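Visitor: So the chains spell out like this:
Number of protein chains: 2
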Amino acid sequence: MTAIHTAGGQADTLEQVIAGVHSYCRRNAGALVAELSDFVRVPNNVFEPEAIQRNARHLEVMLERRGFSTEQWPTPSGRPLVFAELPAPGASRTLLIYSHYDGVPVEEDAWHSNPYEPVLRDHAPLGADDDWSTISLPANGVYQPEWRLYGRSVADSKNALVAVLGAIDALRAQGRSPQVHLKLLLDGEEEEESPGLPTALTAHSERLAADLMISASGETHQSGRPTVELGMRGILLFELTVHTALVDLHSGHFGNFAPNAALRLAQLLSTLKHFDGTVAVQGFYDEVVPLSASEREALNAIPQLEPQLLERFGIARPEVTGRLLQELINQPTLNMRGLQGGFVGAAARNSIPRSATADIDVRLVKGMDPQRTFVRILAHVERQGYHVVDHPPTAEELRAHPWLVQATLKAGFRAERVPLDEPRAQSIVRAVTAATDPPVVVMPTSGGSLPIYLFAERGLPVISVPISNYDCNQHTADENLQLGFLFRAVAIFAALLSRMPE
Amino acid sequence: MTAIHTAGGQADTLEQVIAGVHSYCRRNAGALVAELSDFVRVPNNVFEPEAIQRNARHLEVMLERRGFSTEQWPTPSGRPLVFAELPAPGASRTLLIYSHYDGVPVEEDAWHSNPYEPVLRDHAPLGADDDWSTISLPANGVYQPEWRLYGRSVADSKNALVAVLGAIDALRAQGRSPQVHLKLLLDGEEEEESPGLPTALTAHSERLAADLMISASGETHQSGRPTVELGMRGILLFELTVHTALVDLHSGHFGNFAPNAALRLAQLLSTLKHFDGTVAVQGFYDEVVPLSASEREALNAIPQLEPQLLERFGIARPEVTGRLLQELINQPTLNMRGLQGGFVGAAARNSIPRSATADIDVRLVKGMDPQRTFVRILAHVERQGYHVVDHPPTAEELRAHPWLVQATLKAGFRAERVPLDEPRAQSIVRAVTAATDPPVVVMPTSGGSLPIYLFAERGLPVISVPISNYDCNQHTADENLQLGFLFRAVAIFAALLSRMPE
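Chains as they are written, first to last, in numbering that gives the first Met the number 0: chain A, 0 to 501; chain L, 0 to 501.
Hint data in this document are derived by calculation from the structure and do not stem from the laboratory.
Check each hint, because a few of them may be wrong.
[Stated by the list, open to error] Counterexamples of contact, computed for chain A against chain L with all Cβ distances above 10 Å:
{"#": "1", "residue": "ASP37"}
{"#": "2", "residue": "THR74"}
{"#": "3", "residue": "ILE134"}
{"#": "4", "residue": "PRO144"}
{"#": "5", "residue": "GLY251"}
{"#": "6", "residue": "ALA297"}
{"#": "7", "residue": "PRO317"}
{"#": "8", "residue": "GLY341"}
{"#": "9", "residue": "PRO352"}
{"#": "10", "residue": "GLY446"}
[What the hints assert, rightly or not] Beta-carbon label-pair distances, calculated as ranges:
{"#": "11", "chain 1": "A", "residue 1": "ASP368", "chain 2": "L", "residue 2": "ARG295", "range": "54 to 62 Å"}
{"#": "12", "chain 1": "L", "residue 1": "ASP128", "chain 2": "A", "residue 2": "ARG457", "range": "40 to 48 Å"}
{"#": "13", "chain 1": "A", "residue 1": "GLU395", "chain 2": "L", "residue 2": "ALA172", "range": "42 to 50 Å"}
Predicted, not measured: the structure shown is a model, and the values here were computed from it.
The beta carbon of each residue, even a glycine, is placed where N, CA and C say it ideally should be.
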């Protein structure tokens with residue numbers, strides 16, 4: 000048993016600390032939910048810098064209430080990084096936690112409640128026909144762990160800061176305090192691939208010095224088990240816009256004559272993937288670094304839940320069949336985030352769309368380079384007969400090229416992962432294990448993407464401790480957090496702050 | 000020369016009447032533009048019944064000012080048909096003019112001016128790089144015929160009523176008056192395929208009795224020549240929505256696993272047409288009635304402008320090559336009006352869309368049945384492996400069918416055309432010829448669609464007299480009317496009102 004010292008000097012075991020934290024969470028569940036709800040009430044659309052700035056001020060107040068010193072690091076987009084420090088007198092080691100407070104835009108008309116006015120449900124409805132009724136906050140202060148709070152960023156990732164602060168409060172309520180210097184780096188533009196992060200990391204590298212770094216966001220494994228992830232995938236975001244004319248034309252007077260950009264786009268997109276779900280772009284998989292034997296072994300230890308997931312999500316058959324989800328997220332993907340051309344529904348009219356756009360994300364695994372992958376995809380587009388430009392085409396270009404596509408690179412960064420036997424990874428697994436009911440799921444990589452290579456190339460390998468339920472609907476309507484996951488995150492952070500992994 | 004009688008009894012030739020109308024238009028151009036502009040300032044989105052009702056009241060005032068009796072015929076959607084009558088003392092024959100006053104919804108952000116606040120330009124810009132500057136109303140009251148007025152429904156079709164009333168004003172200013180009983184039927188839901196029209200026609204068949212019926216809307220031939228059309232195509236409007244799951248899923252955590260509805264839709268749509276632009280649906284062309292020898296001859300007499308159109312619209316190559324536009328509009332079409340799934344641009348997020356929708360219009364030519372055509376298209380979809388439903392799928396249906404599409408029939412009606420040698424058609428051609436500079440372009444069918452079969456099956460064959468410039472951008476952004484076309488329409492209606500075609 001490792002001895003833990005309280006502010007008064009008495010020694011306890013980590014188990015006693017965690018028991019105290021659990022008790023604190025039960026007694027203060029209402030306060031935790033209230034602090035998260037207040038935070039969610041500050042709208043945080045990543046595309047609205049002023050909203051992001053209001054969030055930064057809001058969270059600085061939350062931090063200062065606990066004695067953190069805080070500062071804002073401006074970025075060119077006007078969405079600041081917030082850096083905060085809480086020194087621990089006598090501590091010799093430093094923990095840096097990275098998370099973010101911005102959110103994806105709200106999906107108009109798709110939510111069943113106001114995304115910025117959190118509501119509580121005692122079940123997890125799914126689909127239009129389900130029961131979407133809400134429940135009141137409990138008068139007796141008893142919050143069941145299976146209840147869910149619904150709102151934008153409750154799970155991705157305003158819960159991270161609330162859980163860290165809750166851990167500090169829980170320790171202090173027991174007369175204890177963090178045993179490590181704590182630094183927080185809170186991103187305000189993570190949902191737009193953190194364009195300001197590289198410059199900030201270089202400018203403030205000394206301030207960010209730490210012995211260990213944790214990324215606290217994302218979803219735990221679908222089994223609900225506590226999870227540690229040793230890597231993140233990279234990403235490539237781009238748009239393809241097919242252009243066929245200077246103007247939309249009347250479909251009666253010019254149908255059969257004016258080419259339809261929406262149809263052209265559909266034809267082009269259908270060439271990008273085979274019907275078995277694999278990517279048809281030549282060379283797409285060439286640079287994928289295969290998993291090591293020990294990583295394959297780790298994959299096999301992960302619980303297999305495919306049939307339950309298909310049932311829960313209402314999916315009749317996976318896109319790629321015959322392979323485990325864990326294998327699939329260790330492969331790259333190519334995904335249409337969106338497709339738009341002309342008008343549908345009430346806005347539809349009898350026109351031939353002159354342009355149509357697909358927004359695409361590619362998840363990169365270790366070995367793949369974003370730029371080279373983009374070049375391969377453009378080469379594929381050219382092989383379909385398209386002339387590719389990087390700007391809205393001029394009239395002359397339109398008249399010259401019957402098959403014309405505008406390709407726009409939006410963002411890209413590579414994957415990163417630390418080896419399974421990295422000592423810092425193992426010590427984090429031990430801390431998470433101590434704070435929760437084992438077994439902990441250890442994943443060689445998350446399916447998600449964060450630019451953690453930026454930290455890694457500055458000597459700070461990043462290990463992820465995801466804290467939200469897998470079915471939290473992050474990035475879509477009805478985002479929600481199961482309360483048990485909030486309470487568990489408080490315990491995990493309390494363990495990490497109490498016993499510094501050696 | 001046919002003798003025309005003024006109110007005072009003096010006889011003039013039709014040529015003299017038209018000369019007087021031209022002179023009236025020159026002197027009163029400002030008043031014509033002002034009356035059209037005031038009408039356009041009443042927003043007329045077809046999907047907003049209250050806006051349509053405001054338009055109905057506005058146009059009733061316009062009509063009553065000229066001595067029409069008016070009444071509103073309600074429809075289930077709340078968008079009334081307005082019926083108006085202006086008897087001509089001593090006249091023996093009745094002319095019924097059909098047009099509409101609703102408009103398609105405004106294309107957000109695509110207009111270069113407020114669609115409901117008309118502006119004037121002395122040129123016709125095209126494309127984002129062009130010069131979109133406007134001009135002031137001329138202080139000297141001289142309006143050039145090549146100038147254009149920009150606003151929603153300036154060309155489709157608020158100009159029709161303004162031109163009819165302008166013709167009456169122009170006759171009266173010369174001391175003349177209409178020589179036929181005039182009836183107007185003004186539709187408030189034409190842009191949504193006139194669902195209330197069939198019932199209204201049956202309920203009010205006696206009120207609508209007429210010797211001749213004209214449809215006054217649409218675009219003249221691209222040559223700018225005055226045009227008479229002897230038919231309209233039918234239409235079939237439907238939506239296809241591919242569903243793959245109950246919920247959008249995170250593209251990192253579930254890419255390769257959750258099927259992407261946008262990709263599926265693209266794959267499905269790309270099967271609907273061959274790369275040569277023809278429709279790949281089995282049996283699609285089976286029932287097309289071939290053109291008669293005389294109709295083929297009429298097609299050959301139509302001016303050929305394909306190279307100029309391609310240049311003007313910035314199109315490098317027509318969808319179907321090697322055939323004249325006039326032939327192409329005598330063939331059926333299948334056109335993606337719109338395509339939407341997930342999110343693009345600023346709204347994009349890293350999700351896998353669970354559903355994606357295509358909105359499609361099919362233009363039907365003589366012989367094709369809307370319902371049978373729809374059935375053929377659904378059979379094609381089924382041959383691609385899809386299970387077709389007519390409702391949003393239940394969770395059970397989603398779990399059971401890996402390829403699932405929801406098909407929604409929105410509207411459909413068949414084509415109609417009168418034979419070239421129909422005497423009423425020939426007499427209208429003569430009136431239009433008298434009012435304008437010949438030659439008049441006579442087209443066996445318009446590319447556009449109107450439910451004129453409803454009138455035809457009640458013994459009122461419909462002949463179309465389109466009055467707007469072909470490049471008026473109807474149904475899309477920057478809709479505009481060339482002023483010369485407004486003045487010419489006044490002259491055409493003055494001729495039709497002055498000399499009843501025998």
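Visitor: For every hint, state whether the structure bears it out.
Guide: Status of the hints after comparison with the structure:
Separation of A/ASP37 from chain L is adequate, the least Cβ-Cβ distance of about 24 Å exceeding the 10 Å criterion. For A/THR74, the condition that its CB be more than 10 Å from all CB atoms of chain L holds, with the nearest at approximately 17 Å. A/ILE134, annotated as away from the interface, keeps every beta carbon of chain L farther than 10 Å; the closest lies near 21 Å. No Cβ of chain L approaches the Cβ of A/PRO144 within 10 Å, the least distance being about 22 Å, so the stated non-interface status holds.
For A/GLY251, the shortest C-beta to C-beta distance to chain L comes to about 4 Å, within the 10 Å cut-off, and the non-interface label is violated. A/ALA297, annotated as away from the interface, keeps every beta carbon of chain L farther than 10 Å; the closest lies near 17 Å. Against the 10 Å criterion, A/PRO317 falls within the reach of chain L, whose nearest CB is about 5 Å from its own CB. Not every beta carbon of chain L lies more than 10 Å from that of A/GLY341, the smallest distance being close to 3 Å; the non-interface claim is violated.
At roughly 7 Å, the least C-beta separation between A/PRO352 and chain L is not larger than 10 Å, which violates its mark as non-interface. Look at A/GLY446: its CB is around 4 Å from the nearest CB on chain L, not clear of 10 Å, so calling it non-interface is violated. Against the hinted window of 54 to 62 Å, the Cβ-Cβ separation of A/ASP368 and L/ARG295 comes to about 60 Å, which satisfies the hint. Checking the proposed 40 to 48 Å range against L/ASP128 and A/ARG457 shows it holds: the Cβ atoms sit about 44 Å from each other.
For the hinted restraint 42 to 50 Å between A/GLU395 and L/ALA172, the CB-CB distance of approximately 49 Å keeps it satisfied.
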